[in-house]
Structure formats: structure tokens, C-alpha cells
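> Protein chains in written order, with our numbering: chain A, 1 to 379; chain B, 1 to 379.
It should be emphasised that the hints constitute simulated quantities derived from the structure, not laboratory data. Take these hints with a grain of salt, some might be off.
Said to hold, decoys possible - DEER-style ranges, computed between Cβ atoms: (1) A/31 / B/23: 24 to 32 Å; (2) A/252 / B/18: 40 to 48 Å; (3) A/370 / B/366: 55 to 63 Å; (4) B/25 / A/267: 50 to 58 Å; (5) A/69 / B/18: 47 to 55 Å; (6) A/347 / B/31: 42 to 50 Å; (7) A/244 / B/18: 31 to 39 Å; (8) B/330 / A/75: 32 to 40 Å; (9) B/241 / A/295: 47 to 55 Å.
Ideal Cβ placement from N, Cα and C applies to all residues, glycine included.
Here is how the chains run, residue by residue.
2 protein chains.
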Amino acid sequence: MAGNAPTGFRVELGERDPLVLDAGQKLGPFTMAYQTYGALNADKSNAVLVCHALTGDQFVLGKNPYTGRDGWWPLMIGPGLPLDTDRYFIICSNVLGGCMGTVGPKELDPKTGKPYGLGFPFITIADMVRAQAMLVDHLGIDQLFCVIGGSMGGMQVLEWAVSYPERVFTAVPIACATYHSAQNIAFHEVGRQAIFADPDWRGGSYLAEDTKPRRGLAVARMAAHITYLSEAALHEKFGRRLQHREQLIYDLEDLFAVESYLRHQGEAFVERFDANSYVYITRAMDYFDLAARHGGKLAEVFKDTKTRFCVISFTGDWLYPTSDNREIVRALNAVAANVSFVEVKSDKGHDAFLLNEPVMFDTLRGFLNGAARRRGLIR
Amino acid sequence: MAGNAPTGFRVELGERDPLVLDAGQKLGPFTMAYQTYGALNADKSNAVLVCHALTGDQFVLGKNPYTGRDGWWPLMIGPGLPLDTDRYFIICSNVLGGCMGTVGPKELDPKTGKPYGLGFPFITIADMVRAQAMLVDHLGIDQLFCVIGGSMGGMQVLEWAVSYPERVFTAVPIACATYHSAQNIAFHEVGRQAIFADPDWRGGSYLAEDTKPRRGLAVARMAAHITYLSEAALHEKFGRRLQHREQLIYDLEDLFAVESYLRHQGEAFVERFDANSYVYITRAMDYFDLAARHGGKLAEVFKDTKTRFCVISFTGDWLYPTSDNREIVRALNAVAANVSFVEVKSDKGHDAFLLNEPVMFDTLRGFLNGAARRRGLIR
């Protein structure tokens, strides 16, 4: 593996044994981009895999060289923090289908020499996890001390625990669900249709035609962004405050602060994210249904698991409400698995897992310290 | 007033005294399209004004000649129903800015001979109500027995009660709020941006250029439609059911039933609604803030009211949750107004007010019968 200052680590995987996708195609060799933080110990027992959310990436700490923005989980990962980089070796890879270095629709298809576009094969959460397992193999790590992530990251955590139970010592799915609900599919479909409606999408081949569905992708992001917050958070943050104005105006300019904020979110997102990646990854989330893929009985999928679970939900999360998270807990309880569950009181909405939520940090610190003692990482 | 089979009644208003809009412009003469059901009694004391929601219209019963679809409130209005057409004279007018006959951005601007487009003046809920009051004047009615409506219709009801307290004997605001919240403004803004992003919008002048922002308007409708339902309703109605398929497919076709449903909703909406009307009316709703427009204290706006209120909310409504509706009740209680309040248990979401909700019907029947006795409509 070669370090590379602007884009971090990249590795070619699947050259000999390609990744066999749920959709049937084989992928290999393919590039996986990832970051690591902290040091792997001698017996390789302190590795933590962090799984990112839909529009996240591998840059959990420091500057993201693609965007120039700070990493997305600085409150969780670092010296003395719950994912203590003095103790753990943190790995985070860009998901399959992503747009931050791992192979995805914006990368060149070796067969054509042009960006894949819609020629990229359809992927699932399980495919993402298989690709991550190949990376973990490559790093010579047999068992991960912890697999952790929120939202789509949490779906990957669940998939890890089910697909590779022996390789997951602890699993921390946060603000997620065992299947994508009708409402969540609906919101994703709105986003995709907004992208498809943009003539600059060009049937997915916009990169080859040197353009971008900027407006469609921005609308998709705006709609999604509302679902990441709570009504209370929006009320508190913006209410009916006007943007740079003393009184109502009667035109189509951004009048309310919440409108300006959303427009800005949409515009900023277009700079950092690929529209086709958005299409493929939302589709992967929509496909996700852990029980259906394993015979229909949720408890069965966790049967005989030895993994220790810590499930965390937030009261203000209406995208993956506590009831969704509780289904994970119920299934684990039904097979007498080792599981702790905390519903964190927060009015910050779904995105709370990215924010300063002391109860979440305290919960994780306690859970991970206990498990680290069991694993011999703390004497 | 002239009856006209395909489009119902139309009247020219504001020829002598134009409508002075909140934005400052004067409008007049302008066309108002409306329907009536039942007969006005001799002392004109049995008139009920029904106010329609964002994408509603004046055709509460029978066939809508524009769309060929059935009227939108057949469970509420008719012989023997809560709004009994054997007892009451029902009036419903298309709102100012609408697209079913009342003046709005799709109508011809007499100054240019072309559709108004963005040349149409910006409007508010109060403007809609002023226009309705001019219609009620035209019909020779001094006091309305009842003003009733859900969602944006409920906002008009509140505005009527505040702007014309002496003219409203009973007021029934359903599933609404005294101001449009940050989250609701946010969803509206997404819809508008989807329309603006469509190159066929042509800066609002699409009708003059003989086109339509079909895809943008469809996306706007899809996003909005999710907010009219509840997660429970979507789960029950669709869940993760596939559309015309036995198993998952890996392409971009509509895979899940909820996707097909939303796509259909979007496409059907484009046939019946004007994109600029959608822009103007959502903006009018965003402006709505009853307390702000009357000095900031909500209770003050209802001071000395003699109107009898019946406020109805639905447990599954997350667009105008019960907490929003309860603020109306609290303000009315603070001035010792005559108010009854019912929160109807329903998992059908915001659109419950349009659906078969027996508790809503029973509540209204009791409330209206009591008031009708007071008003001498029942001996």
C-alpha cells in the first residue's frame, strides 16, 4: 500500500479473486481508498473499522484533501476520545460506489477508458462490506476489535456482524435500521428523480460529456438534508428568521434563513459529491433488508453470535427512529446476544451521531473500555 | 353571476374597489372562480365557506371539469353529511393565485395579453381571504355560518376569524398552524428549487413559450407528497413491496411499489396544476404568521372574538402536528374564547382530513349542530 499525501492510501484489490457482487458481476482489480489513524498493535487485535454514511468518506480526521474541509468525526476519534487513537488502529475506507478514490461510477472503466457512469454495476450494502473485508484481509487483520458507524455506516456494521460474525469482536450500529423503510425509500427516490430530471445528467454520462447535473443534485441534497435534522432543530436554528432582511419581501429571493441554509447546503454538496455515486449508494441503501436476505426472520440472522453489540439511537431522529433501532435490540435479545442499548435524548435529529452528544460518547467509552479489557487491550 | 357548465361559476371582482395586496399592488378587476352547493336561505344565515388546501380547488363535490376527477371532500359535504347540503349553502372558491379559474400566474395579464408568469403579484393568505370576502360580499352574505378548511385551508380559516371576526359565526381550522414552521418552509423551498431547476420553467414564462416544467413540478410534488402521509401509512400501504416484480432487480427502473406510487403522483399532478401557482401559493403559506402580523402576541389576535371555534388535529400528522394546532387552542383559551379541540387518533398522516375519519366527522357534526341551533338553523 502506498501513502499519498493528497489522497491518502489506495490499494488495488480483487486482482486474483474478484469481488462477486450481489447483482452477479465480478469486480476486480478495483481501487479502494482508505485512511488509517493510530498504530496497529503486534497481534493485530486493536483495529477498528469505521463505516461512513451516505455522503461521508474515509477522512474522519484532519483535512479532507478533496474538499479542504475538516474530517467528519473529530469528536469521536482521537487521543483520549472514545475511539482513542492512542489505543486503537482506526481504519476508514471510502465505500464501494463512492467518489473519494474507491471505485465508483465516476472512475474510469478500464474497458472503455471513459467514466463508468451507468455502466457501473449496481451494488448493495453487503457488497460494500465484502470490499471492506478484502481491505481488512490486505491489512493482515483477522478480527476487528470494533466495527462502528452511523446511518448507512450502521447498516454496514450490521452486515459485518451477520456476514463475518467471527471477525467482529464488537459492533456499534448507531441511528440505523435492519431495513430501509418505505418513507426512506421515498425520500431517496425524490433525490434520484431530481438528478434524472436535470438535463445535464445526460443519462448518467455527464462526466464523459464534461458537465454535471448541478441543480438536480443540489435539489436532491436539499430534500435529504431536511431529513437529517429534526423539526425542533430547524425551529431552534432558524425558526422564521429572515436572511439579511428586516422585513418580508415579495419576490423569489431567499427570504428565510432556512432557505438560504438549504440552498447553501445544496450548492456545497455539488462541489464535493458525484451525482451517480448518489444514485448508486441510495439504491444500495434501499435494497438493504437484513432479514429478507437471510430467510425473513431477523433473530435468525444473529443466531449464535459472539459479537458484543452496542446499539445507539436518538429521540429526535425521525429518519431512523428509536423504534427501528429497537428492532435490532429485540432480535439480538431473542438469541440471548450480548447487547446494550441506549436511546440518547437529543433534539438534533438524525445527524446527532455526528455532533456533540455527551451521552453517546460516555456510552461508547464505557462499552469500548469494557470490551477492550476483555480483549486484553487494557491491562 | 353566471353559471357555466364546464368551469362552474365565475365572477369579476374589484372593478370599483380593487383588492389591495399585502405586497402593495392593487388587483382589479379580477376573476374569481367558485362553486356552490345547497341553497342560501332567506336571511342568508346558512352559508359555509370551505377553504381549500395548497393543491385543492373549488370542486369539493362532483366532477372537476378541469381534471375529470371526483371532488375532494365527498365524505364531508352532502345530504346528511356533517356539512349537510340540505341545511347549508356551501361556497368554495379557487384561491387567489390558483389555476382553476381564479386569477393566478397562468391567466392572461390584461396589460400584456400574455400569461402573467412571474409578473403576477406576490400574494399572502390574508390576500386570499380578502378576495374571498369580496366574493361573499358579492353574494350578499353578511355573516358566514362557518368557515372551514384543512391545511392551508385552515390557515385561511384563522385569517378569516382574525380579519373579519364579526363575519364568522363558527370557525373550523383543521390540521394547521398559526405560522409556517422552518421545516415546512424548507420542504416548500425544495419544491420551488426543483421547479426553478427545470430548464423548461424558462424563468417562469414557460406558458408564453408553450412548454411546461413537467419534471421539476413532478419532483416538487413527490417531495411534498411524502409529507402528506405518515411513516406508518407508507409502511402499511407499501412497506418494501416490489412493483410488478418477484425479486430485486439491479437497474434504475421503479423497483419498489412506493417508488411507482410517487412517480405516478408526480406525473398526475403535472397534468392538473400550474408550476407558477405552486410557487406563488407555497410562498403565501411561508409568509403566514398570524401573531407576527398582529403585533407578536398570538392571544391578542383573537381578543374579544365571539366566533365559536372547533380545532381538529391528527396524531399521525407530522407536517402540522398536534402541538401546532394546540397553540391555536391555547391562544383562544387565553382570551376565554369558545373553543373545542379534538386530536383524532389516526396514522394516515396530514392528509387524514381528506379521508374517512369517523371521529372527525362525529366531532364536526356535534359542533355544527350545536352552533346551528344557536343560529336558528335547527328549530
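> Next, verify each hint and record whether it holds.
Hints and how they fare:
no.: 1; hint: A/31 / B/23: 24 to 32 Å; result: 56 Å, violated
no.: 2; hint: A/252 / B/18: 40 to 48 Å; result: 24 Å, violated
no.: 3; hint: A/370 / B/366: 55 to 63 Å; result: 59 Å, holds
no.: 4; hint: B/25 / A/267: 50 to 58 Å; result: 32 Å, violated
no.: 5; hint: A/69 / B/18: 47 to 55 Å; result: 53 Å, holds
no.: 6; hint: A/347 / B/31: 42 to 50 Å; result: 47 Å, holds
no.: 7; hint: A/244 / B/18: 31 to 39 Å; result: 32 Å, holds
no.: 8; hint: B/330 / A/75: 32 to 40 Å; result: 38 Å, holds
no.: 9; hint: B/241 / A/295: 47 to 55 Å; result: 18 Å, violated
Consistency with the previously given hints fails for numbers 1, 2, 4 and 9, ordered from lowest to highest.
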